[in-house]
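A.B. asks: If you want the building blocks of each chain, they are given just below.
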Amino acid sequence: MGELAVTVIGHDRPGIIADVAEILAGLGMNLTDSTMTRLRGHFAMTLVCTGSHPCADVEAALAALTGDGSLTVSVRDVRPEPDASTAGRPHVLTVHGADRLGIVAAVCRATAEFGGNVTDLTTRLSGDLYLLIAEVDVPAADVERLTERLASVAGMLGVDVALRPAEADLL
Amino acid sequence: VSAAVVRPVVRAPAAVLGTAGEPVDPCDPAVVGLVADLFATMRVSPGCVGLAAPQVGVARRVFVVDVTGHPKARTCHGAFALCNAEVVEATRWEKGREGCMSVPDLTGDVRRAARLTVVGYVPGTGEELKIRTDAFEARALQHEIDHCSGLLFLDRVAGAHAVYARRTYL
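Protein chains in written order, with our numbering: chain G, 153 to 323; chain R, 224 to 393.
Hints are computed from structural coordinates only; laboratory data are not their basis.
Predicted model, so just to flag it, every value in this text is computed and none were measured.
Keep in mind that a hint or two might mislead.
In silico EDC-like links for lysine to aspartate or glutamate, alpha-carbon gap of 20 Å or less [stated by the list, open to error]:
#: 1; chain 1: R; residue 1: K318; chain 2: G; residue 2: E287
#: 2; chain 1: R; residue 1: K353; chain 2: R; residue 2: E312
#: 3; chain 1: R; residue 1: K353; chain 2: R; residue 2: E309
#: 4; chain 1: R; residue 1: K295; chain 2: R; residue 2: E317
#: 5; chain 1: R; residue 1: K318; chain 2: G; residue 2: E233
#: 6; chain 1: R; residue 1: K318; chain 2: R; residue 2: E350
Pairwise CB distance ranges (calculated) [claimed, not checked]:
#: 7; chain 1: R; residue 1: R266; chain 2: G; residue 2: A239; range: 51 to 59 Å
#: 8; chain 1: G; residue 1: R231; chain 2: R; residue 2: Y387; range: 49 to 57 Å
#: 9; chain 1: G; residue 1: A236; chain 2: R; residue 2: G280; range: 44 to 52 Å
Beta carbons: idealized from backbone N, C-alpha and C, even for Gly.
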């Protein structure tokens, strides 16, 4: 069984997900993990599916959706990943401030330098306010030093930063 | 004594919202005047259940709260103001959706204590006041005390998918 990564980006309308899913189902491709949102109004979907069809067949079938130019679709082979090991402690990183170039770059570079691995990310521009929220696994031994480094980066960028342990919701 | 005025509410990314407020002298007439302005500004703002000094551009540890009549409120102390308030006990953490007049286009899920004890000082008299509350009033108090420390609800959202575009502001 091959694993394929599919991205669909473009003008939003009702039925895009239904169209994509129907085409994949028609090919016997099993949709596993997927995520979809709207980014500044654009439809944006990423999914992984498994099945026996080669990448080119799936791409050709999905090309039916791109005819009017409103959607861009890509299909790529990916190698199955082992279950992610959680080497670090889960944290939520929040950054907010006046919009300027390079906030995500500087904050995420500092995070990476301490082995922090971003597992989920949302950024939003809301009026003049730029907001970044990242879920980050941070090696336990580096939390304090990363917190200090982020405070220094935030000071240079003129933004506010908070790094907090994620709440573990256990039954 | 000058009449209370409605002050403009500042919005993120204003620097004052990220600045820890200075403690105040609750008996300072300027503080009493600031509290009157906070009440006046809260009163003219639909849906507003609390307002802190940094939200009107003043980095001081003062806020007003009034959750009277709110459907999610249980214990309710009516309209009151506190100076230099601190949380002394917080238990029963629960996630809930919050908005803020200073972040008008976004809401977010934030864990707050649903049982709360706060100690602060009454403006004008300087009397120490201990408030024990719960549910929505507890959430409002924690939100306002955060403002006094230069924190927004955005600093406490539960995760990358815990912020939402507000459809209507009320």
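A.B. asks: Hint by hint, note whether the structure agrees.
C.D. replies: Now the hints, each set against the structure:
no. : hint                           : in the structure
1   : R:K318 with G:E287             : holds (17 Å)
2   : R:K353 with R:E312             : holds (11 Å)
3   : R:K353 with R:E309             : holds (10 Å)
4   : R:K295 with R:E317             : holds (13 Å)
5   : R:K318 with G:E233             : violated (33 Å)
6   : R:K318 with R:E350             : violated (33 Å)
7   : R:R266 with G:A239: 51 to 59 Å : holds (52 Å)
8   : G:R231 with R:Y387: 49 to 57 Å : violated (35 Å)
9   : G:A236 with R:G280: 44 to 52 Å : holds (45 Å)
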